[in-house]
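*Asks:* Sequence order for the protein chains is A and B. Numbering (our numbering) for the first sequence: 30 to 144. Numbering (our numbering) for the second sequence: 53 to 167.
One or more of the hints may lead you astray.
Listed below are several chain B residues computed to face chain A (Cβ distance under 7 Å; list not exhaustive) [as the list claims (entries may be wrong)]:
#1 Pro95
#2 Phe97
#3 Tyr100
#4 Asp108
#5 Leu143
#6 Gly152
#7 Pro160
Straight-line alpha carbon distances no greater than 27 Å define the calculated DSS-like cross-link-like pairs of lysine-lysine that follow [stated by the list, open to error]:
#8 B/Lys130 - B/Lys63
#9 A/Lys71 - B/Lys130
#10 A/Lys71 - B/Lys69
#11 A/Lys100 - A/Lys85
#12 B/Lys69 - B/Lys130
#13 A/Lys97 - A/Lys85
#14 A/Lys71 - B/Lys63
#15 B/Lys67 - B/Lys130
#16 B/Lys69 - A/Lys100
Chain A stretches covered by chain B per the calculated footprint, using a threshold of three residues with CB under 8 Å from any CB of chain B [what the hints assert, rightly or not]:
#17 44 to 51
#18 73 to 86
#19 91 to 101
Hints in this document: simulated from the structure, not taken from any laboratory. Backbone N, C-alpha and C define an ideal beta-carbon position, used for all residues, glycine too.
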Amino acid sequence: GESVGLHLPTLSVQEGDNSIINCAYSNSASDYFIWYKQESGKGPQFIIDIRSNMDKRQGQRVTVLLNKTVKHLSLQIAATQPGDSAVYFCAENIRGGTSYGKLTFGQGTILTVHP
Amino acid sequence: GAGVSQTPSNKVTEKGKYVELRCDPISGHTALYWYRQSLGQGPEFLIYFQGTGAADDSGLPNDRFFAVRPEGSVSTLKIQRTERGDSAMYLCASSLNGGGPYEQYFGPGTRLTVT
Numbered sequence: 030g031e032s033v034g035l036h037l038p039t040l041s042v043q044e045g046d047n048s049i050i051n052c053a054y055s056n057s058a059s060d061y062f063i064w065y066k067q068e069s070g071k072g073p074q075f076i077i078d079i080r081s082n083m084d085k086r087q088g089q090r091v092t093v094l095l096n097k098t099v100k101h102l103s104l105q106i107a108a109t110q111p112g113d114s115a116v117y118f119c120a121e122n123i124r125g126g127t128s129y130g131k132l133t134f135g136q137g138t139i140l141t142v143h144p
Numbered sequence: 053g054a055g056v057s058q059t060p061s062n063k064v065t066e067k068g069k070y071v072e073l074r075c076d077p078i079s080g081h082t083a084l085y086w087y088r089q090s091l092g093q094g095p096e097f098l099i100y101f102q103g104t105g106a107a108d109d110s111g112l113p114n115d116r117f118f119a120v121r122p123e124g125s126v127s128t129l130k131i132q133r134t135e136r137g138d139s140a141m142y143l144c145a146s147s148l149n150g151g152g153p154y155e156q157y158f159g160p161g162t163r164l165t166v167t
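If we strip away everything but chain A, and leave its shape as in the complex, we get (with noise of 0.2 Å):
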C-alpha cells in the first residue's frame, strides 16, 4: 500500500492499551467535527463526530472530546487493537449560510498499534 505521513505525527501502543489522538482545529466558528480512519489505499472512514453544543459524545470503544476554549479535539480508542492501525484525522466543519459545506482536515496522526 501507499506509504503516508513522513511528515505526520505517529502514535505507537501496545494492543489492549488506550489511545488518544489529539488534534487543534483552527475556526472558531466551527461547530461540527468529524473523526475518520483511513487505511492504507482506502478513502476515510467515518468514526465518531460532535457538535459543538457537546463536549464528549461516547461510541464503541471511543470517545471524542471537544474543548471549545482552546479549539481542541481528542479521540480516545478503549483497547486498541492491530485493526486500529491507520491514519486518523479529524475534520471541522462549518455553517454556511443555510447549509454545511465543506471539510477542513487536519494534519493527520499515524497509529499504530502492535501485538
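Please build the complex by placing chain B on the supplied structure of chain A, with the hints as guidance.
*Replies:* Below, chain B alone, put in the same frame as chain A:
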C-alpha cells in the same frame, strides 16, 4: 452498492491529456463533495454540490478543473491539460443533504498519476 463508488480506481495519463473521474454517491444523498489528497496530507476540498448545482467551487485550483452533476446523482470531475502536479488521490463523498450537519461518507478514491 451501499457505499460511495468511484471509477476508475487508478488512472495513469500523460501530461497534457484530459481525464474524467466518476463518482456514484449513496442513493438518496443530495450533497456530493470532491476532495483531493496528496501523499502524507489530509483531504483538501475541491467542490460541493447540493443537488445538480455547485454550491461551493472555491477549492478548484484553476480553470483546468471542472465538475458536473447533471441529474443530481452521479458526478464527474474533469481535468483538462493535466500536469504532473495533478497527481493525487481524488476522493468523492456524499451526505444526506447539505442542510445537516450530516456525516460525509467517502468513496475509495481514484488514484491519478500524470506522467
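*Asks:* Restraint: B/Pro160 near chain A, CB-CB cut 7 Å. Satisfied or not?
*Replies:* 5 Å, holds
*Asks:* Is the coverage entry for the stretch 91 to 101 of chain A by chain B consistent with the three-residue Cβ rule at 8 Å?
*Replies:* This one is violated; 0 residues, fewer than the three required, reach chain B with a Cβ under 8 Å.
*Asks:* Using 7 Å as the Cβ threshold, decide whether B/Leu143 counts as touching chain A.
*Replies:* With a closest approach of 5 Å, the B/Leu143 hint holds.
*Asks:* CA of A/Lys71 to CA of B/Lys63, is that 27 Å or under?
*Replies:* 15 Å, holds
*Asks:* Let's test the interface hint: is any C-beta of chain A closer than 7 Å to that of B/Asp108?
*Replies:* Given a least distance of 5 Å, the restraint on B/Asp108 holds.
*Asks:* Taken at face value, is the distance from the CA of A/Lys85 to the CA of A/Lys100 at most 27 Å?
*Replies:* Roughly 14 Å separates the two Cα atoms, so the pair holds.
*Asks:* Would the pair A/Lys71 and B/Lys130 pass a check requiring their Cα atoms to be no farther apart than 27 Å?
*Replies:* 21 Å, holds
*Asks:* The hint names B/Pro95 as touching chain A; please verify it with the least Cβ-Cβ distance against 7 Å.
*Replies:* Since chain A brings a Cβ to about 5 Å from B/Pro95, closer than 7 Å, the hint holds.
*Asks:* At a Cβ distance under 8 Å, does chain B reach at least three residues of the stretch 73 to 86 of chain A?
*Replies:* holds (count 5)
*Asks:* Holds or violated: is the Cβ of B/Gly152 closer than 7 Å to a Cβ in chain A?
*Replies:* Cβ of B/Gly152 sits 5 Å from chain A, so the hint holds.
*Asks:* Is the Cα-Cα distance between A/Lys71 and B/Lys69 27 Å or less?
*Replies:* Holds. A/Lys71 to B/Lys69 sits at ~26 Å (cutoff 27 Å).
*Asks:* Does B/Tyr100 pass the interface hint, meaning its C-beta sits closer than 7 Å to a C-beta of chain A?
*Replies:* Holds - the Cβ of B/Tyr100 comes within 7 Å of chain A, reaching about 5 Å at its closest.
Hints 16, 17 and 19 from the list above are not met by this structure, while the remaining hints are.
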